[in-house]
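Colleague: Here are the chains, one letter per residue:
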Amino acid sequence: MSKLSQKKRMKLNPILPLVMILSGIVFFLYSSEEQSASPPGLHRYLPEDSEIGEWKKDGSPQEYKGEDLFLYINGGAEIYHEYGFSQVIIQDYINENKKSISLEIFEMSGNDSAYGIYTFKTSPEERELTLGNQGQLADYYLNFWEGNFLITITGFGEDLETIKGLQVIARAVDEKIESKGEKPLLTSLLPRKGLKKLSVKYFKGNLGLYNTYQFFSEDVFALQEGIKGEYKDGHTVFIIEYKDSDECQERFNKTKESFRGSPRYKNYTSMAEPLFQVDDTRKDQLVFVSAFKNYLLIIAGTTSLARAEKILMDIKRNL
Amino acid sequence: MAEKIGRREFVKRSAKIGISAAIGSSFYQLVNNTVYVYGKEKVDIAVVSGSDYLNNTIKAVELLGGIEKFVPKKSSVAILPNTQSRHPGTYTEPEIVRAVIRMCKKAGAKEMNCLSWLTRKHWEDSGLKQAVEEEDAHLKLIDREDESLYKPVPIPKGKALKEAKIMKEFYANDVFIDMPITKDHAGNKFTGTMKNLMGLNFSVNNRTFHKEGWKTERSAIEHLDQCIADLNTIIKPALCVVDATEFITTNGPFGPGKLAKPQKIVAGIDRVAIDAYCATLWGLRPEDIIMIDRGFEHKLGEIDLKKLKIKEIIT
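Quick note, the sequences are listed as chains A and B, same order.
Mapping the first sequence onto this note's numbering, position 2 (from 1) lands on 2, and the numbers just tick up by one.
Mapping the second sequence onto this note's numbering, position 273 (from 1) lands on 273, and the numbers just tick up by one.
Hints should not be assumed to be uniformly reliable.
Under the rule of at most 30 Å between Cα atoms (straight-line distance), these lysine-lysine pairs were calculated in the DSBU-like manner [claimed, not checked]:
{"no.": "1", "chain 1": "A", "residue 1": "57", "chain 2": "B", "residue 2": "189"}
{"no.": "2", "chain 1": "A", "residue 1": "256", "chain 2": "B", "residue 2": "157"}
{"no.": "3", "chain 1": "A", "residue 1": "243", "chain 2": "A", "residue 2": "180"}
{"no.": "4", "chain 1": "A", "residue 1": "99", "chain 2": "B", "residue 2": "299"}
{"no.": "5", "chain 1": "A", "residue 1": "176", "chain 2": "A", "residue 2": "243"}
{"no.": "6", "chain 1": "B", "residue 1": "306", "chain 2": "B", "residue 2": "42"}
{"no.": "7", "chain 1": "B", "residue 1": "59", "chain 2": "B", "residue 2": "129"}
{"no.": "8", "chain 1": "A", "residue 1": "180", "chain 2": "A", "residue 2": "164"}
{"no.": "9", "chain 1": "B", "residue 1": "309", "chain 2": "A", "residue 2": "99"}
{"no.": "10", "chain 1": "B", "residue 1": "165", "chain 2": "A", "residue 2": "56"}
{"no.": "11", "chain 1": "B", "residue 1": "73", "chain 2": "B", "residue 2": "258"}
{"no.": "12", "chain 1": "A", "residue 1": "193", "chain 2": "B", "residue 2": "299"}
{"no.": "13", "chain 1": "B", "residue 1": "74", "chain 2": "A", "residue 2": "232"}
{"no.": "14", "chain 1": "B", "residue 1": "73", "chain 2": "A", "residue 2": "65"}
{"no.": "15", "chain 1": "B", "residue 1": "73", "chain 2": "B", "residue 2": "159"}
{"no.": "16", "chain 1": "B", "residue 1": "189", "chain 2": "A", "residue 2": "256"}
{"no.": "17", "chain 1": "A", "residue 1": "193", "chain 2": "A", "residue 2": "176"}
{"no.": "18", "chain 1": "A", "residue 1": "65", "chain 2": "B", "residue 2": "140"}
{"no.": "19", "chain 1": "B", "residue 1": "159", "chain 2": "B", "residue 2": "105"}
{"no.": "20", "chain 1": "B", "residue 1": "157", "chain 2": "A", "residue 2": "183"}
{"no.": "21", "chain 1": "A", "residue 1": "57", "chain 2": "A", "residue 2": "99"}
{"no.": "22", "chain 1": "B", "residue 1": "189", "chain 2": "A", "residue 2": "65"}
{"no.": "23", "chain 1": "B", "residue 1": "306", "chain 2": "A", "residue 2": "164"}
{"no.": "24", "chain 1": "A", "residue 1": "283", "chain 2": "B", "residue 2": "299"}
{"no.": "25", "chain 1": "B", "residue 1": "105", "chain 2": "A", "residue 2": "65"}
{"no.": "26", "chain 1": "B", "residue 1": "311", "chain 2": "A", "residue 2": "266"}
{"no.": "27", "chain 1": "A", "residue 1": "283", "chain 2": "B", "residue 2": "258"}
{"no.": "28", "chain 1": "B", "residue 1": "311", "chain 2": "B", "residue 2": "258"}
{"no.": "29", "chain 1": "A", "residue 1": "57", "chain 2": "A", "residue 2": "196"}
{"no.": "30", "chain 1": "B", "residue 1": "258", "chain 2": "A", "residue 2": "176"}
{"no.": "31", "chain 1": "B", "residue 1": "151", "chain 2": "B", "residue 2": "59"}
{"no.": "32", "chain 1": "B", "residue 1": "258", "chain 2": "B", "residue 2": "299"}
{"no.": "33", "chain 1": "A", "residue 1": "232", "chain 2": "A", "residue 2": "193"}
{"no.": "34", "chain 1": "B", "residue 1": "157", "chain 2": "B", "residue 2": "189"}
{"no.": "35", "chain 1": "A", "residue 1": "193", "chain 2": "A", "residue 2": "164"}
Just so you know, the hints here were simulated from the structure itself, not pulled from any lab data.
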């Protein structure tokens, strides 16, 4: 190697580290800018003032994670935890007429959890909205679910201006959530004919079921996953899923004993196994319970065994 | 409802209290040899319906005999409204609290103290802070995380709960007025006078009413309701004034949820009876609410509404 080349190399060498350092700085700054452009965590789903017309953020958001949900909603936290709660962010919005709206974005542990808590919080009387995967509007609030998220938006008035504001904010949130998610498979097992679509409730524990139909205060069904649908002719179907048919059969036998032993349920009658019938004296209606594969099937409110057997056949066709 | 007494009883009572006093306090009517007594009848539950919540609250307490029956002169009064959430139908209406504070003042109470382990923001958001301050009552906010501010209280009759931790500030008062809003509760379907007492109990202790890890276990609902009934055996309100004006019947206790609007103020001293009555306002059966049933088992009051004198007026 010539002495000149060595000299040239020595001149270049000090520049090279400098170039590397400068490159590193530029890269760092660029990354930081990218990160700060996208707010952290749930903040990224909060609509900005520029996205929601006349509505503006009012104050800073609140956030709660895990067990701390209790600090926000006290005993109301339990049902969220049953479904699988991760965290929530709450942000208020206000307009120039001082109308106020509160946005809550609940991140749940999965699509099924978000769907489940959505069905828990909504009622058949509400109006359907095209939002997320499903949305419903009540007198002064709305709910929709999308991906792992349940979104609840509450107005502090039932006036048109507030109701419109709920929907403006809802659409802005909807646009920010990318993953759609799927309903749990269990929902497809309810027979479609005559089903009141908005009556469907998905459960992940006894508390959810108890709030819909108080069979027992104890968790007699050892419920991990279940579904309920109401039908136009007045009957209701419950489908509870177990890990396998052995577990289901075991649970069927225990359930049978609970119904037989309860003073509320009278006239226990066993049909061709596995099927039995009782009178629910509290609700003044018949209840039929059957087991099929890894599913416990309950029909409430139908008027005869023949009718119940027909409904059970319809359900079994889907299983 | 008028009380029916026989002629002999009429004579006996008149002789005892003097004819003029008898005529002054009650109106007696003789019909078919039966004397009907109107006026100062014993009322178990007073219910006043209408949109003027402030004045209806005053009327409800008058039906029970007036505030002076419950609040002695120069007493310190602890008041416990519910201000858990700011969603409509989830907190005690400020006008009802305002009315109770005014009545206490009129009775000659030394001071009125609204107690809470919730935050100032809760009280501001519900409008209750403003009402309390405007009526010259005190808002006593107790740190929910500071155990030193709570007094351990054994519960000898407790079946699920053996010890409560009640805010020490509560015991600095002579009289206690319980002022819940009745509403749905996802944990056990109903909340009213008995459940409201959790607002005096240390929040960490309250969490034990719910099973560990928030897992809904086999007996979780019964456990919660038994704990609430047990808690009620160590605290007795002098008076309950319940907001049953507008309340949520779904998604309780926090909301938002479907609103029922019966516009009723419900007052009395029997917690079981009042909760039993309030449960019927949205179609629940008192005997189906475990907490009410367990309160009855503890002999805290009467669950059978047919055995109670319920006086209702519509304004």
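Colleague: Look at each hint and say if it fits the structure.
Modeller: Tested hints:
1. The straight-line distance between the Cα atoms of residue 57/A and residue 189/B is roughly 34 Å, outside the 30 Å bound, and the hint therefore fails.
2. Distance restraint check for residue 256/A and residue 157/B: the Cα-Cα separation of roughly 34 Å exceeds the 30 Å cut-off, and the hinted pair is therefore not satisfied.
3. For the proposed pair residue 243/A and residue 180/A, the alpha carbon gap of about 27 Å is at most 30 Å, so the pair holds.
4. Distance restraint check for residue 99/A and residue 299/B: the Cα-Cα separation of roughly 48 Å exceeds the 30 Å cut-off, and the hinted pair is therefore not satisfied.
5. Among the hinted pairs, residue 176/A with residue 243/A is inconsistent with the structure: their alpha-carbon atoms are about 36 Å apart, more than 30 Å.
6. Taking the CA atoms of residue 306/B and residue 42/B, the gap is about 15 Å. The hint holds against a cut of 30 Å.
7. Taking the CA atoms of residue 59/B and residue 129/B, the gap is about 24 Å. The hint holds against a cut of 30 Å.
8. Among the hinted pairs, residue 180/A with residue 164/A is consistent with the structure: their alpha-carbon atoms are about 24 Å apart, no more than 30 Å.
9. For the hint linking residue 309/B to residue 99/A, the alpha-carbon distance of about 44 Å lies beyond 30 Å, and the restraint is violated.
10. At most 30 Å may separate the alpha-carbon atoms for a hinted pair to count; residue 165/B and residue 56/A exceed this at roughly 42 Å.
11. At most 30 Å may separate the alpha-carbon atoms for a hinted pair to count; residue 73/B and residue 258/B exceed this at roughly 42 Å.
12. For a cut-off of 30 Å, the pair hint linking residue 193/A to residue 299/B is broken: about 50 Å separates their Cα positions.
13. Of the pairs offered as hints, the one joining residue 74/B and residue 232/A is violated, with about 62 Å between alpha carbons and a cut-off of 30 Å exceeded.
14. Restraint check for residue 73/B and residue 65/A: not satisfied, since their Cα atoms lie roughly 48 Å apart, outside the 30 Å limit.
15. Note on residue 73/B and residue 159/B: the hinted pairing is violated, with a Cα-Cα distance of about 37 Å set against a maximum of 30 Å.
16. Distance restraint check for residue 189/B and residue 256/A: the Cα-Cα separation of roughly 25 Å lies within the 30 Å cut-off, and the hinted pair is therefore satisfied.
17. With a C-alpha separation of about 35 Å, the suggested pairing of residue 193/A with residue 176/A is violated against the 30 Å cut-off.
18. In summary, the hint linking residue 65/A to residue 140/B is supported, as the alpha carbons are separated by about 28 Å, within the 30 Å threshold.
19. A hinted pair counts as satisfied when its Cα atoms are at most 30 Å apart, and residue 159/B with residue 105/B does not qualify at roughly 39 Å.
20. At roughly 47 Å between alpha-carbon atoms, residue 157/B and residue 183/A are farther apart than 30 Å, so this suggested pair is violated.
21. A threshold of 30 Å between alpha carbons decides the hint, and for residue 57/A with residue 99/A the separation of about 12 Å falls inside it, so the pair holds.
22. Our distance criterion of 30 Å between C-alpha atoms is met by residue 189/B and residue 65/A, whose separation comes to about 25 Å.
23. Between residue 306/B and residue 164/A the CA atoms are separated by roughly 47 Å; this puts the pair beyond 30 Å, and the hint is violated.
24. Annotation: proposed proximity of residue 283/A to residue 299/B holds, straight-line Cα distance about 28 Å (limit 30 Å).
25. With a C-alpha separation of about 43 Å, the suggested pairing of residue 105/B with residue 65/A is violated against the 30 Å cut-off.
26. The suggested pairing of residue 311/B with residue 266/A is violated, with an alpha-carbon distance near 37 Å, which exceeds 30 Å.
27. Distance check on the hinted pair: residue 283/A and residue 258/B sit about 22 Å apart at the alpha-carbon level, within 30 Å; holds.
28. Between residue 311/B and residue 258/B, the direct Cα distance comes to roughly 28 Å. Compliance with the 30 Å bound is thereby established for this hinted pair.
29. At most 30 Å may separate the alpha-carbon atoms for a hinted pair to count; residue 57/A and residue 196/A exceed this at roughly 38 Å.
30. Proposed proximity of residue 258/B and residue 176/A is supported: the alpha carbons are some 28 Å apart, at most 30 Å.
31. Distance restraint check for residue 151/B and residue 59/B: the Cα-Cα separation of roughly 36 Å exceeds the 30 Å cut-off, and the hinted pair is therefore not satisfied.
32. The suggested pairing of residue 258/B with residue 299/B is violated, with an alpha-carbon distance near 33 Å, which exceeds 30 Å.
33. With a CA separation close to 9 Å, the supplied pair residue 232/A and residue 193/A stays within the 30 Å bound.
34. Between residue 157/B and residue 189/B the CA atoms are separated by roughly 24 Å; this keeps the pair inside 30 Å, and the hint holds.
35. Proposed proximity of residue 193/A and residue 164/A is contradicted: the alpha carbons are some 34 Å apart, above 30 Å.
Checked against the numbered hints listed earlier, the structure breaks hints 1, 2, 4, 5, 9, 10, 11, 12, 13, 14, 15, 17, 19, 20, 23, 25, 26, 29, 31, 32, 35; every other hint is satisfied.
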